[in-house]
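Could you put together the complete structure from these sequences and hints?
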Amino acid sequence: MKTPTQRFVFFRNLSITIKHGVGISLLVLLILIVALTGYLSLHYVQKVDDLIWSNTEIARLIYEMDLEMEKARHLHAGFFLYYPKIGLTKAHENYAQPTIRKTASVVSTSYALREMMSQPGISDALNKSKIDLNLYLSSAKRFADTSIIAFELVTKLAAPENGLEDILDKRIRKLKTELTDFPVASKLFHQIKDLINEHKLNRERHLMQSAFNIAFKLRKTIKTNPLINLQQNGKINLLLNQIENTAEQIIETDVKINAKFKDFALQEKTTHLISEKLVTLAKKEVEKAQQTIAVTHEFVSIVLIIVTLAGLIAAGIIAVMLNMNITHRIIRLTHTAKKMEEGHLDIVAEQESLDELGHLGRTFNFMAARMKTLIEDLEQEVSDGTLELINTNKDLQLEITEREQIEEQLREKEEFLNRVIDQSPFPTWISDANGTLQRTNLALKKVLNLTDEQLVNKYNILQDPIATRQGLIPLIRTVYEQGKSVSFAGKWTGKDIPSMNLKDSESVNIEITMFPVLNQQKKVTSVVLTWLDVTHRKRAEKEKQLLEQQLRQSHKMEAIGTLAGGIAHDFNNILSIMLGNTELAIDDIPKWSPAHESLLEIKTAGLRAKDVVRQLLNFSRKSEQNQTPQNLGTLIKESVKLLRSSIPSSIQIIKNISKENNFILADATQIHQVMLNLCTNAAHAMTNEKGTLEIHLTSLTIKEKQTDKFKKLAPGEYAKLEIKDSGIGIKPEVYEKIFDPYYTTKEFGKGTGMGLAVVHGIVKNHNGSIHVESQFEEGTSFTIFFPKIDQCKMENMATQIEERQTGTESILFVDDEPAIVEISLKIFENLGYQVKGKTNPIDAIKEFEANPDEFDLVITDMTMPQMDGVQLSRALKKIKPDIPIIICTGHSSKLNEEKAMNLGISAYAMKPISMMKISKLIRKVLDR
Amino acid sequence: MYRRKYAVLLIFILILQAILIFNGCEKKPAKFKCKDALGCVDLRMDEPIKIGILQALSGKVAALGQEQIRGFELALDDRQGKILNRTVTFQIEDTGCTAEGGVNAALKIIADPKYIAIFGTTCSGAAATVSKAMSDAGLTMISGNNSAAFLTSITGKHAPNWQKGYFRTAQNEENSGKAAAIYAYKELGIRKVATINDGDIYTKGLTDGFNKAFSSLGGIVVLDTSINKEDKEMRPVLTAVLNAKAQLLFFPLFQPEANHILFQARTILEFNKIKLMGGGALINNSFLKDSDEKAKGMYFVGPVSCEGPAVDLMGKKYKNKYQTSPSVFYFLYAYDAASILFEAIEKTAFKDDKGILHIGRKALRDGLYATTDFKGISGILSCDQFGDCARPKFNVVQLKDISLGLEGLKTNVKFIYSPKK
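Residue numbers (our numbering), protein chains in the order written: chain A, 1 to 928; chain B, 929 to 1349.
What the hints contain is simulated information worked out from the structure, not anything from laboratory work. Mixed in with the good hints there might be a few duds.
In silico contact screen, one side only, chain B against chain A (beta carbon under 8 Å); selected entries [said to hold, decoys possible]:
1) 1027
2) 1039
3) 1156
4) 1161
5) 1168
6) 1238
7) 1326
8) 1330
9) 1332
10) 1336
Using N, Cα and C, we set each Cβ at its ideal position, and we do this for glycine too.
What follows is the structure, encoded as structure tokens:
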């Protein structure tokens, strides 16, 4: 079996030029075939396109021709329709002449059409239709001819004056004149006239014939009528003959016109059929041509695909052949040459074929053989010298490696030291033995905001102006000269080191440590300096001191408050007995009695004492409050009104009250107290009783970010009350004491020392804040912030109408003070209740345990020796869990509303208890 | 090596040239050149001979038109449907028996230049317009039914509607009216007549011929009037006849107008005394069938019927082909007309070497004018310069017995008139 190489041995032996020539020729041939196919198909499609255009044009011309013909017919019909109305002349102008023009246009189009249909390429079917076109043309011409004749006939019939119908009318009128005097003849005449008129409408010949028959009778009548002479007879007969003659002509013309109409109908039929046929044919031809184009497209596409595929296959074969016979062999030859280049001179190139590549192969083989011999000789000489060189080279290589390792270790160490210095958080620099800066770290550059270019070799610490100014140079010199480490502190302002961008008021506190770097001879080679910024630490220490001072003040105030609260409790108990008995005595003693007046005085004194207690409690923030929505502006106005009379008129009071919402949740009495205390103090501060007291009430919104500015105030809406005087002011050393109770700068007897303490307590109770600003001998300003309440909350807290409420339920009252028990029993009985009193809580438990259902309510004191109110409540709840309990207390911090609710206590009341309040509270608890 | 290649190429070129030269020297067939004054109709081998047939194929006269076509078909059958071994195709068009119908139908034929002749028409009125159009187009026309004198000659001169190329085998009825007048005046003793035509050249020709002859004999034409085609109301014109005191009414009309006159006259008592005479167009089964007894006693003037073995044979052929008897004998004239036309084509056509048949238009006309003593079924035919090919011979027949039908009518001959040609 032959190998592919053997199979194409002839081709292999051809020269490369011929092989390329064959390949390219074949490709050119294929391109030519494709081009030829494309050209032929385009040519054919173009031809069919032309045919479509021609056929479309033919169809268009046919439509045009038919349309013109149709218009001509319409105009023609219009002539006959309208000439009786518009007259012959107008009808000729409007209809007859346009008819002929349109027909001429049709004829012209017919000729154009016939010419087009004679063009080459037009289908046989259309070509044959030239016959139809001839017929159309003939019909059109004939239409024109017959139209003209028809118009002439109509003119003959209907022309004014000379037309047959007018002539007939004239003759009839003449006859009428002749027959006017003869009734019988006249009657016959009218019959004739009627028949002629009827004929005029219907155009039926028999009507005219009937008229002639009547005329026959008329002739006979006039002939036999003796009243008609021969001349008249002759004249009438002549007229009758003329009428008959004209009528005959009219009939004859009618017949001719009728024939023309029939002619037109036939022509229309003929032309219509022809145009329809031609248009259908032209359309079919267009469709046929379009189909031909489609088929041609398909055919050409297939041919092109086949030719392209064949071309690709042929190109592939050519490529393979060329590849096998030229490219591959060149590649193999190149490989062989490369191998030879690499020294494989034993390799043999292809040399079988007779073409150029075969010859090249043989040349290569010859060259390789020659080179191999030469190289073998040369190699032997070189190998001996080379061995020695290799050994020397190896020794050198080892030495280089060792040195490189040492250098690497040194470099690593240096890098480590650099990283230590650079990454140190402490600003550090290193100077040489002369104090000149040599190196810095990142922290230093960051703090100073300077670069190495600005520092290294440009700064010498021994010449530093700040150190010189602060007298540190001698200390620093000891490091350089004696090799000792030193540490010292310093304070720098922005002016000292501008690059740090400090504000004028800002300064930094630093601690500096310097230590020397000594060489083996213990000589200073370098000095290292590190900083430590202690600014924050110093500030924190100062703040700590301030806080400790505030804490001490707070503890002091708390202790005073506790003391005041204890005193108030005892006072309250005493006052409760006094006021209770006084109220009972007032009820019992008639008004006319002098004792009644005395009792009222006692009550007033008791109430005044109660106010003192309340002030103490206000300060200690443990007083009972009755905070309701209040318009602060109104309260201030009321206070000012009251104060005006007590403050010397030489002091001007300037009042500025904002009209906006100033509602706060407040105890009106306490607010009055604040105003009274502050304004009185202000008036006292104006020692010469001259000056200005300014009272301003405005609003302020404190936002989240402003809470620092207004210490301890939550963000929100505040009423800002500012009371400012132009008095002597407060000395700085007494600033911290002004709110202490019983602290006063006034002379003995002029002040209690409780004024500002009470103000402070009230403000705090109202969740407000008080601030004081004063310049000695210039004046003082107190600013108070009260939280505002909104309208909605205000409405919910509408004031209630106070009314004493009564009941009939059974109450157990417990208090360790017998007098209170006694007065309370009387009060509750006055309110209608059944009351049992106990001064010992244990007795009370026993009483309750014996008859738990007997009692509807228990009221107990909070502070009792045996057990407190809470413990008693728990014991009673064990016996009867649903028993409502009210605890009364003077000031006890053990109880508040929240705590009471948690213990299951229904309510708690602050002593001294007023009848009004307790009656409402009892009712409230029992009615739940 | 290259030299050998060049030598082969040279020899190849020489051979090619030799072939071309020899081909060029070969004698080409002589191209036919038409010398006919009116041009030629050239028919390729695959093209048939085309003849247009224009007949009245609608209305009451449709039977007459149909008989003409059948006469043509029978003549063609006798030639096996071919002339000069070519098939004959014919386009049939209806003239409607009107002038306008005729001319419009003629245009359809004339439009095709391959048509060489027209066979028709039925009615003379249609023939007047067709013949003009045909003559202008250079065609030849021949009719087996037209008889109006206006189409060919009157008193030996060209009639007003004569056209070159027009021929007919039906007799010129110029003398038909004369025959009727002579019979009326001499045999029937009529002295006052009334005539009615429909304006058609056929009917007008007959009444004119009648009036002229009757007057010349000494009679009085008391009424010479017309009706319109399609008229139905005939009482007024019949009243005029009565008023004129006519003894005979000559109305050579076509159907249905003739029928209306007859039927309405029979409703007028006074018409019992007036004799009625129609034309040859009424001598057919259709009229007889429609009129029935009403036509009894009525006279008809028309061409003498054909007789003889050839006529009988043709009658049989007719019956065989169409399974019925002919309604009129005019189909014989049609047969003869077609025959002389075919013969003239055969004589004048020229077939060239390529088998193309050339028929000279004028040659064909001349061929027909040259027809002499042609033995037709209807008689010996010789075409004169006016296109009349038949010898005129008329008779007057009377319908006595309706039951005898058309044959009874034709045989009841009262008068024969054969003028000298």
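Here is how each hint holds up against the structure:
1. 1027: holds (6 Å)
2. 1039: Holds, because the Cβ-Cβ distance from residue 1039 (chain B) to chain A comes to roughly 3 Å (cut-off 8 Å).
3. 1156: Residue 1156 (chain B) check passes; min Cβ-Cβ to chain A is 5 Å, inside 8 Å.
4. 1161: holds (4 Å)
5. 1168: Because about 6 Å separates residue 1168 (chain B) from the closest Cβ in chain A, which is inside the 8 Å limit, the hint holds.
6. 1238: At about 38 Å, which exceeds the 8 Å cut-off, the nearest Cβ of chain A leaves the hint on residue 1238 (chain B) violated.
7. 1326: violated (28 Å)
8. 1330: violated (29 Å)
9. 1332: violated (35 Å)
10. 1336: Status violated, d = 34 Å.
Checked against the numbered hints listed earlier, the structure breaks hints 6, 7, 8, 9, 10; every other hint is satisfied.
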